[in-house]
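2 protein chains.
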Amino acid sequence: MNITILFGGSSYEHEISIVSAITMKKVLKKSNLTYVFVSDEREFYLVDTDKINAKLFSSGVYKKGKKLTLKKGGFYSDTLFGSKIVEADVTLNLIHGRDGEDGKMASLLAFYGMPYISPRLEASVLSYNKLYTKFLAENLGVKTVPYEYLAKDDERKIEMSYPVIVKPVRLGSSIGVSIVRDASELDYALDVAFEFDTEVIVEPFIEGVKEFNQAGCYTDKWELSLIEEPQKEVFLDFEKKYMDFARDSQVLEAQIPDELKTKIQESFKTIYDPLFKGSIIRCDFFVVEGEVLLNEINPIPGSMANYLFADFEAMVHRLSKHLPKEPTIVINYQYIHSIQSAKGKA
Amino acid sequence: MNITILFGGSSYEHEISIVSAITMKKVLKKSNLTYVFVSDEREFYLVDTDKINAKLFSSGVYKKGKKLTLKKGGFYSDTLFGSKIVEADVTLNLIHGRDGEDGKMASLLAFYGMPYISPRLEASVLSYNKLYTKFLAENLGVKTVPYEYLAKDDERKIEMSYPVIVKPVRLGSSIGVSIVRDASELDYALDVAFEFDTEVIVEPFIEGVKEFNQAGCYTDKWELSLIEEPQKEVFLDFEKKYMDFARDSQVLEAQIPDELKTKIQESFKTIYDPLFKGSIIRCDFFVVEGEVLLNEINPIPGSMANYLFADFEAMVHRLSKHLPKEPTIVINYQYIHSIQSAKGKA
Chain A
1 MNITILFGGS
11 SYEHEISIVS
21 AITMKKVLKK
31 SNLTYVFVSD
41 EREFYLVDTD
51 KINAKLFSSG
61 VYKKGKKLTL
71 KKGGFYSDTL
81 FGSKIVEADV
91 TLNLIHGRDG
101 EDGKMASLLA
111 FYGMPYISPR
121 LEASVLSYNK
131 LYTKFLAENL
141 GVKTVPYEYL
151 AKDDERKIEM
161 SYPVIVKPVR
171 LGSSIGVSIV
181 RDASELDYAL
191 DVAFEFDTEV
201 IVEPFIEGVK
211 EFNQAGCYTD
221 KWELSLIEEP
231 QKEVFLDFEK
241 KYMDFARDSQ
251 VLEAQIPDEL
261 KTKIQESFKT
271 IYDPLFKGSI
281 IRCDFFVVEG
291 EVLLNEINPI
301 PGSMANYLFA
311 DFEAMVHRLS
321 KHLPKEPTIV
331 INYQYIHSIQ
341 SAKGKA
Chain B
1 MNITILFGGS
11 SYEHEISIVS
21 AITMKKVLKK
31 SNLTYVFVSD
41 EREFYLVDTD
51 KINAKLFSSG
61 VYKKGKKLTL
71 KKGGFYSDTL
81 FGSKIVEADV
91 TLNLIHGRDG
101 EDGKMASLLA
111 FYGMPYISPR
121 LEASVLSYNK
131 LYTKFLAENL
141 GVKTVPYEYL
151 AKDDERKIEM
161 SYPVIVKPVR
171 LGSSIGVSIV
181 RDASELDYAL
191 DVAFEFDTEV
201 IVEPFIEGVK
211 EFNQAGCYTD
221 KWELSLIEEP
231 QKEVFLDFEK
241 KYMDFARDSQ
251 VLEAQIPDEL
261 KTKIQESFKT
271 IYDPLFKGSI
281 IRCDFFVVEG
291 EVLLNEINPI
301 PGSMANYLFA
311 DFEAMVHRLS
321 KHLPKEPTIV
331 INYQYIHSIQ
341 SAKGKA
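One line per chain: the protein sequences are A and B, in this order. All the letters of the first sequence, read from the start, carry residue numbers 1 to 346 under the numbering used here. All the letters of the second sequence, read from the start, carry residue numbers 1 to 346 under the numbering used here.
Take the hints with a grain of salt, since some may be wrong.
No copy is singled out in the list; a pair is fine if it fits within one copy or between any two copies.
Here are the simulated EDC-like cross-link-like pairs (lysine to aspartate or glutamate), alpha carbons at most 16 Å apart as the crow flies [what the hints assert, rightly or not]:
{"id": "1", "residue 1": "K71", "residue 2": "E43"}
{"id": "2", "residue 1": "K221", "residue 2": "D40"}
{"id": "3", "residue 1": "K152", "residue 2": "E199"}
{"id": "4", "residue 1": "K210", "residue 2": "E87"}
{"id": "5", "residue 1": "K72", "residue 2": "E41"}
{"id": "6", "residue 1": "K67", "residue 2": "D89"}
{"id": "7", "residue 1": "K29", "residue 2": "D311"}
If you're looking for bench data, these hints aren't it; they were derived computationally from the structure.
With the sequences and hints as input, model every part of the structure.
What follows is the structure, encoded as structure tokens:
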């Protein structure tokens, strides 16, 4: 199977996307991988699969590769006598953060009619924005952590008691996130968060909360990963998360009662179906007093959460054969014809 | 000012987009207009502004025009010695329905760094989907008509009493919409709606409800249109709406008390700011027992609701100078550098 890995992007998570992308070489061994890099300038470059490494990008050497143009049906490179398509059975959107998770890549790939693994447009917008994720979960009956919302110009006042956690509404990978232990620290935390976004949400910070991660997708059946209880630090900072994006070997399953496991799986399915069809996502849940709360949806998880699956590659191949399709719209110009007839101009 | 009018699209509203686009010639007289047509096959074509008419598209003659490619900074046509950009100060997204209102065009234009008038990505997704519009309005404290939601495979049962109105979640221009007078008609109305979408909302149908339309935008100040009380038929069917998209002369202002006018204007501003910055939208409100209820957001209204403004063209020019910009993200490869140093590979 020819898989195009699309990575990079104009995103604060550009660099971790590179790490995720390189990790794919270790976990998609039986596939024929093509790497398409989206530079910080949003130009597309073909990257040699044999030579891909992080330094290629930090050094700027990638610019010596072929520039690509996205057109109907795929990526094209210029040739002497026209242009040549980059062969792909499917494109894997691995751009974390802006461009990738916000719905832009989903839009581009859908518009140009390319089969792709990624949350679709609506799913992207609803999961990239943490406030909208709350709306979604609430509507689906999935409980979330309580929250307050603040825009940049709002009065800097919150109702809930400390400690709290402040998160920019639109970023992933803990960028701009702070734990605030008392009111005196709030201002600084908001300054930090508002460096990255115009809106934030504030949630209670629950010390030592049990966290469980569930990834999965729907092919012609549910394909749920094992459930991981991630190693607990206060919370993962950017550099730790960064290294996390290079994970490529399967982790141990969390030892939890069947009842809890079922609750987590059911919450995942409720979120996923039908909005996230076509994507492999990871949901992070908190368990508080026996209740499963959705903490976050990772619409394009680090290294695609490959380490949570027994056979990630086989699942990617199955998913590629079960991607949702946009309905076909036939345009027959019936109304223009009828109006022209009415006008006597037909 | 050079304005590119982007219209057509793979949309049920493809034909009314053509009508809207042609209408722009009559209302943007002082501007230098360039027409870029998105065919049903999602190919871009340059259309001669002097010769544009509806028949050009229904006859397929547009295919004789220049094909364009969207790349960084704009639309390009192939020339003998490379390619040439279509000069534009701003692009006006006039694609109604799918591709235009769903966020795809906003994504493409944002990704390629082109200044554009249109709801941005998030605003598109939240207003194109009538269910998400409910979430949004609720969160902003703007009242809406009560509703029930049904997916295609759900049991066909509703709680509210008849008559009701059944609407596909994602379409505009009354496509797939039915009024249902009693339970015996529900099944057929749902069949019709599910022809166009996998999800519907059902709302009470309020006979003779007062409806008021408010359009506007924010440039460096609020620019609100007059308020129209649209001519009332049971509801506008597709052909009536179609003709509506060709409107180009200013309508009469609704004669309503100042208090109601203020309520409508304030509701509009609450919905618009900040999510819809960069766009000219029209909100349709119902007034029920003195309460203003949001009925619908028209993210790309027919003929841009030009007929509601005293000087539409001047406003378009002002808006073009006050478009929101995506924040710049500087990528310095700091993490890749630091990890390479740690590995001793730098």
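Hints, verified against the model:
In this assembly of identical chains, the alpha carbons of K71 and E43 lie at most 16 Å apart whether taken from the same copy (13 Å) or from different copies (9 Å). In this homomeric assembly, K221 and D40 never come within 16 Å of each other (Cα to Cα): the closest approach is 38 Å inside a single copy and 33 Å across copies. Taking identical chains as interchangeable, the C-alpha atoms of K152 and E199 lie at most 16 Å apart only when both belong to the same chain, with a minimum of 6 Å there against 35 Å between chains. In this homomeric assembly, K210 and E87 never come within 16 Å of each other (Cα to Cα): the closest approach is 44 Å inside a single copy and 56 Å across copies.
In this homomeric assembly, K72 and E41 come within 16 Å of each other (Cα to Cα) only across copies, at 9 Å, whereas the closest approach inside a single copy is 22 Å. Within a single copy, K67 and D89 get their C-alpha atoms no closer than 20 Å, and across copies no closer than 26 Å, so neither meets the 16 Å cut-off. Taking the closest pair of Cα atoms, K29 and D311 come within 16 Å of each other only inside a single copy of the chain (11 Å); across copies the shortest separation is 62 Å, beyond that limit.
Comparing the model with each earlier hint shows violations of hints 2, 4 and 6; every other hint is respected.
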